[in-house]
Amino acid sequence: AQRVTQPEKLLSVFKGAPVELKCNYSYSGSPELFWYVQYSRQRLQLLLRHISRESIKGFTADLNKGETSFHLKKPFAQEEDSAMYYCALSALGNQGGKLIFGQGTELSVKP
Amino acid sequence: DAGVTQSPTHLIKTRGQQVTLRCSPKSGHDTVSWYQQALGQGPQFIFQYYEEEERQRGNFPDRFSGHQFPNYSSELNVNALLLGDSALYLCASSLSGVTNQPQHFGDGTRLSIL
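If you read the sequences in order, they're chains A and B.
At position 57 of the first sequence the residue is numbered 514 (the numbering used here), and the sequence of numbers has no breaks.
At position 74 of the second sequence the residue is numbered 76 (the numbering used here), and the sequence of numbers has no breaks.
Any given hint could be a false lead.
[As the list claims (entries may be wrong)] For each label pair, taking beta carbons as the anchor points, the in silico distance ranges come out as:
1) B:Phe62 - A:Met541: 42 to 48 Å
2) A:Arg498 - B:Ile14: 37 to 43 Å
3) B:Gln20 - A:Gln535: 43 to 49 Å
4) A:Thr462 - B:Ser67: 28 to 34 Å
5) A:Gln560 - B:Gln58: 18 to 24 Å
6) A:Lys472 - B:His69: 46 to 52 Å
7) A:Gln535 - B:Asp64: 43 to 49 Å
[To be verified] Derived coverage of chain A by chain B (criterion: at least 3 residues anywhere in the stretch with Cβ under 8 Å from a Cβ of chain B; other residues may be distant):
8) 497–511
9) 559–565
Since the hints were derived computationally from the structure, they do not count as laboratory data.
All C-beta atoms, glycine included, are put in the ideal place defined by N, C-alpha and C.
Sequences are here, hints too, so could you generate the full structure?
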């Protein structure tokens with residue numbers, strides 16, 4: 458079965474603390490993994506994708522095929538990072554095709 | 003560029019009615035996908051349209067149908083509405099033929115069924 462699991466519905470940290478949002482997946486083929494973010498009163502937007510291997514707003518995520526995980530990390534959280542984060546996957550090379558989303562994790566960064 | 007635009011923003015219907023939601027893709031995009039997001043859940047894929055044809059479909063009943071027009075805009079139709087159809091409906095667009103193009107999302111239409 459194709460599935461994305463985000464075990465934490467809510468993650469609360471203090472400003473400056475490290476953050477790790479967990480994402481595990483189940484997929485029979487070669488997946489492409491994404492993190493989408495939704496800030497308050499804004500639309501869902503792409504944060505990063507594993508094939509780009511880039512750091513966006515200080516966030517990084519490494520695809521671990523052995524553990525089927527794609528955890529999102531940031532060494533020092535900022536208050537403006539507070540948002541809803543969704544992990545998603547699609548078939549690798551699937552040109553803008555079907556995305557399978559996790560349930561989302563709400564990140565709250567306290568001052 | 004306004005990006006992906008959806009209308010209406012909010013809609014209230016009663017059980018058994020029919021509804022049509024509309025989406026205009028981001029300029030230059032030719033592929034439109036629809037997602038249903040229930041409260042507290044992640045978006046679930048309904049279907050995708052390209053070249054006015056349904057290209058992929060998720061696990062949704064036939065009550066959910068769509069259409070894509072020559073200008074790439076799209077409609078989502080839901081017949082015989084059920085209380086469980088209450089959700090945020092998201093439209094996303096992308097450019098086909100280009101590998102690994104990300105999808106761009108609209109603000110969504112919030113559908114409430116009474």
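Here's how the hints hold up against the structure:
1. B:Phe62 - A:Met541: 42 to 48 Å: About 23 Å separates the Cβ atoms of Phe62 (chain B) and Met541 (chain A), which means 42 to 48 Å is violated.
2. A:Arg498 - B:Ile14: 37 to 43 Å: violated, 21 Å
3. B:Gln20 - A:Gln535: 43 to 49 Å: Since Gln20 (chain B) and Gln535 (chain A) have Cβ atoms about 46 Å apart, the given range 43 to 49 Å holds.
4. A:Thr462 - B:Ser67: 28 to 34 Å: About 30 Å separates the Cβ atoms of Thr462 (chain A) and Ser67 (chain B), which means 28 to 34 Å holds.
5. A:Gln560 - B:Gln58: 18 to 24 Å: Given range 18 to 24 Å: holds, Cβ gap about 22 Å.
6. A:Lys472 - B:His69: 46 to 52 Å: holds, 48 Å
7. A:Gln535 - B:Asp64: 43 to 49 Å: 46 Å Cβ-Cβ, so the 43 to 49 Å window holds.
8. 497–511: Held - the region 497–511 of chain A has 6 residues with a Cβ nearer than 8 Å to chain B, which meets the minimum of three.
9. 559–565: n = 3 at 8 Å, threshold three: holds.
The structure is inconsistent with the numbered hints 1 and 2, although it conforms to all the rest.
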